[in-house]
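Q: Listed below, chain by chain, are the residues.
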Amino acid sequence: MSDALRRPFPERAGAALQDTFLQEALRIATTKFIDLRKESFAGFPQGEALRDRAREIKEATLQHLDVHLERLADNIERVGGHVHWATTAEEAREMVLRLCRDRGVRMAVKSKSMATEEIDLNEALEHAGVTPVETDLGEYIIQLAHEKPSHIIAPAIHKTKGQVAELFSRELKGSFEADPEILTAVARKALREKFLQADMGITGANFAVADTGTVVLVTNEGNGRMVTSLPRIHVALMGVEKVIPSMTDLVVFLAILARSATGQKLSTYTTLVRGPRRAGELEGPEELHLILLDNGRSRQIASTLREALYCLRCGACLNVCPVYRQIGGHAYGYTYPGPIGILLTAMLKGNESVRELAHASSLCGACKDVCPVRIDIPRMLVELREHLDREKIAPWTERVMFRALRRLLLSPTAYRLSTTVGRWVQRPFIQHGRLRGLPLVLGKWTRTRDLPPVAARTFRERWKELS
Amino acid sequence: MITCLGDMLFPEVGVAMVRLLRRLGVQVEFPPGQTCCGMPLFNSGYHHDAALVAARTVRLFEGAEHVVVPSGSCAWMVRTEYPGLLKHDPALRAAADSLARRTRELSQFIVEVLGVTTIGSPFRGKVTYHDSCHLLRGLGESASPRALLRGVSGVELVELPGADECCGFGGSFSVRLPEVSSSILDKKLANVEVTGARCLVACDAGCLMQMGGGLSRRGSAVKAVHLAQVLAGEVEG
Amino acid sequence: MTGRAEFIERIRREVSKTPGLFGASSAPRPADPATAAETVRRELAERWPEALERFRVEFERVAGVFHRVPDLAAVPAALGAIAREYDATSLVTWDPAVLGFDAAPALTRGGIEVVAARAGAEDEAARLRHREQAARARVGVTGADFVLAETGTLILLSGSGRPRSTSLLPDVHVAVFGRDRLLETLEQVGIMLEALHVDPDRAMSGATINFITGPSRTADIELTLTRGVHGPKEVHAVFVEAP
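Protein chains in written order, with the working numbering: chain A, 1 to 467; chain B, 468 to 704; chain C, 705 to 947.
A hint or two may mislead.
What the hints assert, rightly or not - Straight-line Cα separation of at most 30 Å, DSS-like style, residue types lysine-lysine; simulated pairs: (1) A:Lys161 - B:Lys554; (2) B:Lys690 - B:Lys593; (3) C:Lys937 - A:Lys32; (4) A:Lys189 - C:Lys721; (5) C:Lys721 - A:Lys392; (6) C:Lys937 - A:Lys38; (7) C:Lys937 - B:Lys554; (8) A:Lys173 - C:Lys721; (9) B:Lys690 - A:Lys464; (10) C:Lys721 - A:Lys194; (11) A:Lys32 - B:Lys554; (12) A:Lys444 - B:Lys654; (13) A:Lys161 - C:Lys937; (14) A:Lys189 - A:Lys38; (15) A:Lys32 - A:Lys189; (16) B:Lys690 - A:Lys444; (17) B:Lys593 - A:Lys38; (18) B:Lys593 - A:Lys148; (19) A:Lys189 - A:Lys161; (20) C:Lys721 - A:Lys148; (21) A:Lys38 - B:Lys654; (22) A:Lys392 - B:Lys554; (23) C:Lys721 - A:Lys349.
I should point out that these hints are in silico values taken from the structure, not numbers from a laboratory.
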């Protein structure tokens, strides 16, 4: 359990709301990402059809996931790569650690990978005496600061350049100005050495093409290329849902992924890796290992959260989510933040873990609108809430309350009676024709907002004179 | 269809809608047995309970040629969720499909079914319009309310920055995470103040409750009003 | 540890519950990729000037620097000018046999050392030497196997005599290409990649394919766009007019 999870979610969210710097950073970042995305799709009329097609590909692939995974594995082995099958996070960690032990690995450079975050790989490596070095600039910053990413594609958006300068000065022994250009150059120099020294490169995978046995990495910084070119061993860890059938499919996804994430037409680097280095190649790893991770995913193939398996991890749903925009990524408390993060957390950690998070959405639907593969996140959140009721994970008080509400709504007599009772009960709380300072649940409303009182005459009472 | 919040908290909206529709030559009926569309139950995951409410509502409106709702979220609930909730009973499912086809949110009904966009209303003043999430993204409607507002000669419509962003209501969300809900609302209301409008118009009882409650608590001069009230000329700008 | 059979069996069990649940349709891919690729090439043989112009615009939009030279003989002078711009006294290149030109004679006369990768020299010593040279060089010169107009992207296949790091480790990357490399759309890239993988000679030549769209960049500190975080800070494209 991470530190953040020791406090209940509403408290974590409340703390985030009090953090004025975080508020400002979130506002700037999410607004910028929203504008960039909007602009990029506005100049790309075929984008909508490509989104439909991308969704169809994901759907069709999942329907034959076993076949595609076997084909992927066969093709990777054909070009000299190794494939490992990890049912749980623990198995995946153990596989990496065993490789490190067997091959005498002392240092591993990593390109940004949510899957390795998901299995807490860094902690496991450190524990085993292997130094993991994050090389995505944002991930590097938060690794030095011993923090967690707060956004899927911009992990350090919660940090100021001043904080980064302080951090670098302390950790890299120097005195660096709070200038992004200078700080980036500092990181370049420090990390270049690591790339050249590391024994192992660890990556995730944005896609894996079954037809050809190709692992695909998308980055802007080029660290994905470094990590897969310089160390002698390359380990890629990916969720099973990342497999796609063909190169024809790949270009469909490439056309919408960067546009959704950063508004770029393509990210700077798309790297297609097909096995370890070939005879005749001067560079590239001697060994390539692909770890296929299940960790709760397969359970959802034919179940409620199926669509969450389409997710490309572009982060677009975070940027538009009114809740994420207020509280940022850390308050969610798990690897994957934002609306899609709630679903992924339920998938990976079980429904119990999202008892509160499942309600961290106003169901406004903005996420579904921007999702490149049109994942119906609000619908799945509502279905998830249904599971919480059915599995009795929702608090019993809540369940009793909603059952009572149902009875009220099914009986016009009870309903009418409730308006009468409401009128009587509300009397002490009316100020200037508005309700304030209500008790219990409604107090949560009236702390910041007024409420109109139950009308002296409801519509149904006035209907008689209207007719 | 006048659902719970409209009935109890905003009866003037329903009254304005009835007067407006009659002026447009529509014969209006109100089945008195109705209560709520069931969305609060549905959104919190109580689908079995929501289905019971839906079944009741479907029967109540069987005789109506058109069903008009002054709330985008209730219209969305009826149109997109009722058929799914009642899928296990073929007869009810058919009735739900039929109701879904006959149900329109008020502005959609006026523009699409009645084919009217110009309504003579004595209303005068500067207004801004907030897109309710369920009307905008659920029912894909953003043009009709704006067209109707522009059709009132005394109305000056100013676009609200971030009009399509949620107001933070979200039903039980607003009391489950009141601080987050209020923080979203603060940003919405800051945008409203920027427009200089005297009236903030919306087509959803939930949003009006949230935004109106926030405006009133701030002591703002801006009033949150329903589109029907502007069109019926029952508020002053 | 889970074995493959057990792992796949679990997935198969879940997958077997889906038929009828979801409408699924696979993406249509070219039945005969080689022929489809040939068709694309024929179309582009006519349309290359439009494609080139589109590439230039998009490439410059992602901060690329575009050059145009009349023929291969003019390439060394263009490379020399670029090298001098960055005060580079040496540059690393792909194998001249792969590039189709040898810049060494002309550049060496001008005082710039040219270190070319050689196909066939891949023992451990050559490896170390190469890495050290690439890490030190300020400028790296490569070809481009496909040049995508729609996004301003250079696509490079690794292989014998075409190291990956030439376009990665130096501060400046220069790619030299002719009209026959131009493609207009990502969809055409898809066709080319399909064709490449059914052609056994080419498919096995190198392990990576890199799409490069402008210089290495990041916006991880306060969303300030900064170039050259790990890879090149500058990317140049030199177009050779003569077919």
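Q: Does each hint hold? Answer for all of them.
A: Now the hints, each set against the structure:
{"no.": "1", "hint": "A:Lys161 - B:Lys554", "in the structure": "55 Å, violated"}
{"no.": "2", "hint": "B:Lys690 - B:Lys593", "in the structure": "11 Å, holds"}
{"no.": "3", "hint": "C:Lys937 - A:Lys32", "in the structure": "24 Å, holds"}
{"no.": "4", "hint": "A:Lys189 - C:Lys721", "in the structure": "52 Å, violated"}
{"no.": "5", "hint": "C:Lys721 - A:Lys392", "in the structure": "26 Å, holds"}
{"no.": "6", "hint": "C:Lys937 - A:Lys38", "in the structure": "28 Å, holds"}
{"no.": "7", "hint": "C:Lys937 - B:Lys554", "in the structure": "59 Å, violated"}
{"no.": "8", "hint": "A:Lys173 - C:Lys721", "in the structure": "58 Å, violated"}
{"no.": "9", "hint": "B:Lys690 - A:Lys464", "in the structure": "28 Å, holds"}
{"no.": "10", "hint": "C:Lys721 - A:Lys194", "in the structure": "47 Å, violated"}
{"no.": "11", "hint": "A:Lys32 - B:Lys554", "in the structure": "43 Å, violated"}
{"no.": "12", "hint": "A:Lys444 - B:Lys654", "in the structure": "19 Å, holds"}
{"no.": "13", "hint": "A:Lys161 - C:Lys937", "in the structure": "21 Å, holds"}
{"no.": "14", "hint": "A:Lys189 - A:Lys38", "in the structure": "35 Å, violated"}
{"no.": "15", "hint": "A:Lys32 - A:Lys189", "in the structure": "29 Å, holds"}
{"no.": "16", "hint": "B:Lys690 - A:Lys444", "in the structure": "23 Å, holds"}
{"no.": "17", "hint": "B:Lys593 - A:Lys38", "in the structure": "29 Å, holds"}
{"no.": "18", "hint": "B:Lys593 - A:Lys148", "in the structure": "47 Å, violated"}
{"no.": "19", "hint": "A:Lys189 - A:Lys161", "in the structure": "18 Å, holds"}
{"no.": "20", "hint": "C:Lys721 - A:Lys148", "in the structure": "37 Å, violated"}
{"no.": "21", "hint": "A:Lys38 - B:Lys654", "in the structure": "21 Å, holds"}
{"no.": "22", "hint": "A:Lys392 - B:Lys554", "in the structure": "24 Å, holds"}
{"no.": "23", "hint": "C:Lys721 - A:Lys349", "in the structure": "23 Å, holds"}
The structure does not agree with the numbered hints 1, 4, 7, 8, 10, 11, 14, 18 and 20 stated previously, though it agrees with the rest.
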